[in-house]
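Visitor: We have chain A already, so just place chains B, C and D on it with the hints.
Protein chains: 4
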Amino acid sequence: MVVILKNNATDDQINGVISQLEKYGFQVNVSKGIQKTIIGAIGVKPDFDTRKIRILDGVSDVYRVTAPFKLASREFNEDNTVINIKGVEIGGDSVAIMAGPCSIESEDQIYRMAEIVAKSGAKILRGGAFKPRSSPYSFQGLGEEGLKYIKAAADEFGLLVITEVMQISQIETIYPYTDIFQVGARNMQNFALIKELGNVDKAIMLKRGLSATIEEWLMSAEYMLASGNKDIMLCERGIRTFETYTRNTFDLSAIPVVHKKSHLPVVADPSHATGIRDQVPPMARASIAAGADALMIEIHDDPANAFSDGPQALLPDTYLQLIEELKVIATAIGRKIN
Amino acid sequence: MVVILKNNATDDQINGVISQLEKYGFQVNVSKGIQKTIIGAIGVKPDFDTRKIRILDGVSDVYRVTAPFKLASREFNEDNTVINIKGVEIGGDSVAIMAGPCSIESEDQIYRMAEIVAKSGAKILRGGAFKPRSSPYSFQGLGEEGLKYIKAAADEFGLLVITEVMQISQIETIYPYTDIFQVGARNMQNFALIKELGNVDKAIMLKRGLSATIEEWLMSAEYMLASGNKDIMLCERGIRTFETYTRNTFDLSAIPVVHKKSHLPVVADPSHATGIRDQVPPMARASIAAGADALMIEIHDDPANAFSDGPQALLPDTYLQLIEELKVIATAIGRKIN
Amino acid sequence: MVVILKNNATDDQINGVISQLEKYGFQVNVSKGIQKTIIGAIGVKPDFDTRKIRILDGVSDVYRVTAPFKLASREFNEDNTVINIKGVEIGGDSVAIMAGPCSIESEDQIYRMAEIVAKSGAKILRGGAFKPRSSPYSFQGLGEEGLKYIKAAADEFGLLVITEVMQISQIETIYPYTDIFQVGARNMQNFALIKELGNVDKAIMLKRGLSATIEEWLMSAEYMLASGNKDIMLCERGIRTFETYTRNTFDLSAIPVVHKKSHLPVVADPSHATGIRDQVPPMARASIAAGADALMIEIHDDPANAFSDGPQALLPDTYLQLIEELKVIATAIGRKIN
Amino acid sequence: MVVILKNNATDDQINGVISQLEKYGFQVNVSKGIQKTIIGAIGVKPDFDTRKIRILDGVSDVYRVTAPFKLASREFNEDNTVINIKGVEIGGDSVAIMAGPCSIESEDQIYRMAEIVAKSGAKILRGGAFKPRSSPYSFQGLGEEGLKYIKAAADEFGLLVITEVMQISQIETIYPYTDIFQVGARNMQNFALIKELGNVDKAIMLKRGLSATIEEWLMSAEYMLASGNKDIMLCERGIRTFETYTRNTFDLSAIPVVHKKSHLPVVADPSHATGIRDQVPPMARASIAAGADALMIEIHDDPANAFSDGPQALLPDTYLQLIEELKVIATAIGRKIN
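Heads up: the protein sequence lines correspond to chains A, B, C and D, in order. With our numbering, letter number 50 in the first sequence gets 51, and the count goes up by one each step, no holes. With our numbering, letter number 63 in the second sequence gets 64, and the count goes up by one each step, no holes. With our numbering, letter number 13 in the third sequence gets 14, and the count goes up by one each step, no holes. With our numbering, letter number 93 in the fourth sequence gets 94, and the count goes up by one each step, no holes.
Don't read these hints as lab results, they were simulated from the structure. In this text, all values refer to a predicted model and were calculated from it rather than measured experimentally. Glycine included, every Cβ here is placed at the ideal spot set by N, Cα and C.
No farther apart than 27 Å at their CA atoms in a straight line, the calculated lysine-lysine pairs in the BS3-like style are these:
hint : chain 1 : residue 1 : chain 2 : residue 2
1    : A       : K53       : C       : K33
2    : D       : K262      : B       : K37
3    : A       : K261      : C       : K37
4    : C       : K262      : A       : K7
5    : C       : K328      : B       : K261
6    : C       : K24       : A       : K33
7    : A       : K33       : C       : K7
8    : D       : K7        : B       : K33
9    : D       : K33       : B       : K53
10   : B       : K262      : D       : K33
11   : C       : K7        : A       : K37
12   : D       : K7        : B       : K261
13   : B       : K37       : D       : K231
14   : D       : K37       : B       : K7
15   : C       : K262      : A       : K33
16   : B       : K71       : D       : K33
17   : B       : K261      : B       : K328
18   : D       : K71       : B       : K37
19   : D       : K71       : B       : K33
20   : A       : K37       : C       : K24
21   : D       : K261      : B       : K7
22   : D       : K53       : B       : K37
23   : D       : K262      : B       : K33
24   : B       : K53       : D       : K71
25   : D       : K262      : B       : K53
26   : A       : K53       : C       : K37
27   : C       : K261      : A       : K33
28   : A       : K7        : C       : K261
29   : D       : K328      : A       : K337
30   : C       : K37       : A       : K37
Derived coverage of chain D by chain A (criterion: at least 3 residues anywhere in the stretch with Cβ under 8 Å from a Cβ of chain A; other residues may be distant):
hint : region
31   : 213 to 221
32   : 258 to 265
33   : 273 to 279
34   : 284 to 290
35   : 323 to 331
Isolated chain A (complex conformation) (with noise of 0.2 Å):
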């Protein structure tokens, strides 16, 4: 923390804002110049609440200069974070792709996305069971049934589970059949249900919220990273902006910043996103030139009749055609998409 004071700040002040400082256990360091004094607060834990010196007499500003979160930084991992799940990787030279309908509809409807999202090449399926509805007259999602139908058929098919748990008493549920837990962008701060991933032995995506700072985005990781779990990846879906043409704002620009950041891998969900299916392919593409390591994309083989987010669904076909172009935008910048 760095505690600017006032110009005109007394020395009684100064001593006041230092003894303070003392009290709450910081080591003080005090640089006076001719017009500005400036008081270097090191080695309290992160959570301090820096308004309490904003506060006192004298003070002008004060900078907090450590980031809020440890385990999810660079510094403290200079190496990426590459999770392996089953011989999948995120976060390698390899871009994953997660394909799938936004609900798992049937035991019919998921075998044959899965079967699209095999023939792509793509390694994980994606569905959900449990659907955060704005409404409680629209499709809730098939539950435990669903779950079961997803992950017959990504056995068939030899692909990996991706799907959404919305409350603690979900996990157990869910657990045995997915390898990812999704966590999405609302409850991207429900600090009770995050914190329970963190103790879980498997995977975890966590969207960004939908007015989450990246900053907030990441103390979200840390949690999970501090109850144990390293298996974190993180997922851009669109921020909250005052532009209404586009549903979301997809920010890519926080994809190389997330990676400057920290150590942990991205995902970049454009159908979300975007909301609209012809907005897909583009976003699509920008993300995985912007350095995405590993896409979502919804597909849907009769989008008009789907239980839900049919709009933004792709069809089969666009979809294995989009596939095919990433790949080549994948080599360009050195990397692959299997």
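Guide: Frame of chain A; chains B, C and D shown alone:
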């Protein structure tokens, strides 16, 4: 829903859109102008995904013309909802004051605070027993022990209790001790929690999410109204914008807008909105002047050693003086603070 | 400026940063903690591009610790700036009221409006002669003819004039007719214009840009102060956020923040902030309660036929009644509206 | 425009709205449902202030259903606009590259940069002679002298010139030296300037304002198209959001949206969007992948001593290598960089 066709839409495309709308159960009304064809589609539930129409051939734009909330709307209920809890009204002529510490810290502390609250003439005591903290190392609240303390202190001084509920599992624990359940900003779209609170026979105060639109906020209230709980009040506590000199942007213009769109009472929380003590009084005054039905203010008699949010707590004397000013402002706009 | 080194920065990197800072003319002070090295760098002009240090090897973060504005800061001038124009004060104990139509439409119209303004006790008449319109087909203002009308009407009723200047070439034209030059939100960073206005010997009201931070707003004021014009007032008129139910988000919390950071008076403009007549009175009341030094309100006696912004204009009777309420609120906070 | 009446609107109110609409010149079409009455109003110019209807008794909501821009719309011109300047196309199959320093610093510097640009195969040289700086003490550009230097350098290497115009008075000065006039983000709604540029017979690149919606951006293009200049290209350079780890949020999703709504070509500027050198390459790659029609990149061979924006300039070698990668990505999406 109103569907705008492209200027060059063919008759086949227009007929395709019409038949699709009818298939979804809409009653259709077509207006053909010289340049533009507009289709009015009426009669399907508000959670219909309008993107399903937007992606059809020939469609230029789609506008949802019914608010997605119904029970929360002013049209549904022209008269203001007045919540009456043991004789204390929220939403009537009087502006209710809720005050107390951020966290219940001890039996003695909450007793002292309750005394100040009662002295000011306020009728509702606030205090948190379960705290949603962004760091796992921070104070997490006294739990049920704290609830016993606040209930005893409130009873001693004839006050009501408001306290925050963070998880479904806490509802039963908190129930005997509180008069109003507070739902925090991060839980505004925790649909499982709010649906459950819709079944409780006590009042709810629903804080606005940090990046929630007014429409989403009213939708969350709708969830609870639909479950049968009519005693819902909303609480504005600041939204996230680009501005960094303030912690949040306190959206006071939301107050007259909610009053126009809805019959539910609105509480203003200048303590959390500003996050800094010396900005609380001007924003408290502005809240009353803008028409807030109630005010929530944090107080502490030793803020430097508060377990949480000390920098935004008013000292008792400042608080008591502020209440006197607020009474004059209330009078100026034809209301009163008792 | 404070420079935070990476935990693993080498001595060579640290020395490299130090010598670079010295080369740029900074006075350097190094604090080496066990984990972190922090460098305080003092003494170079505020517009130094801190990214030049941020990109050096071994640097983790850079914080500018001096506000980039100086003459506008509260530290530079502890006492409030009180602008006195022909005996009318802005920034003193009294809250000044500026009122009038959006556009000057005719000699008769501005005369009728001036009469209302005078009747309310207000001392400043507003009215636009040059209108910045987003469509070339909209009414562009009466130009110099309009200026003659407003000056005559103001003189008749003993009022001051405020009117908007949009281009450097208009300054000379407007000068004889106005007492205060208004700079619109879209011109807040039109540096050529504001630099020129710094040389004018009349007061300036600088509106906040739609997405301008408070810091940028004060920087634009700094431009004019640096050129020698001390009579600068700021005007909050709403910022752009994600909310769509309101036209802008009226940032009233900016008022106490500006009062803390700066000595300049702040005007509030609820008419443009809300854009809708029935939201103007509650927001006008809230502005006074939040501590605004002046209020700008649009009025019209035939809003349905107004040349511009009719929907946000108050009818004369509503306006006169509002002023009476505002007087009570002003009294409640120890100020007055004469 | 579509007008939604309140559920409880009386016949008198409905008739009042209809007659008012007719008075304003609209052709009216009424749809009465069981619950809702909807009025379609067609035929009046796009700048009609819809608030005039919104404030009428009985009206619930008003939707403008025609985009406010016409000449800029895809409906007006189904084929992409391809701007051809001396044989260099922007908006066609090839992706155009514009590169050069932020500021023209000397005859020698711009010559060296032009050499690099030509070597990369790019056809357009950028460089600023008039700089919009937020501080009056910063380098303000070489003015006409700089224009001579860039023109000579461009001619030497067979390149086109793009340079920024900030004021109407500069148009004439710049005209002989440039092929494309650049309008900066802060001038996007400087209507006087852009109207004037609509009369110029050279191409214009219009940067998106920091907080401008896509609609406002297209409206500003409309201004110039309406004045007769058809050679308008748009430039995305980042928008302002709540995120602070990035300088701006680079809104790449705007590219496919603009391509859908408009026929105008879109340039992407990753240098200004990110503001930091090491984020430029990933965002440049993502821009091409997202479908940008041209790319603007800042380069410098001594960034530490650049007169402006050195930290975001690529070194020549990095730039030349990036262009090679971009060529592969362009090929992957069926385009080319020559």
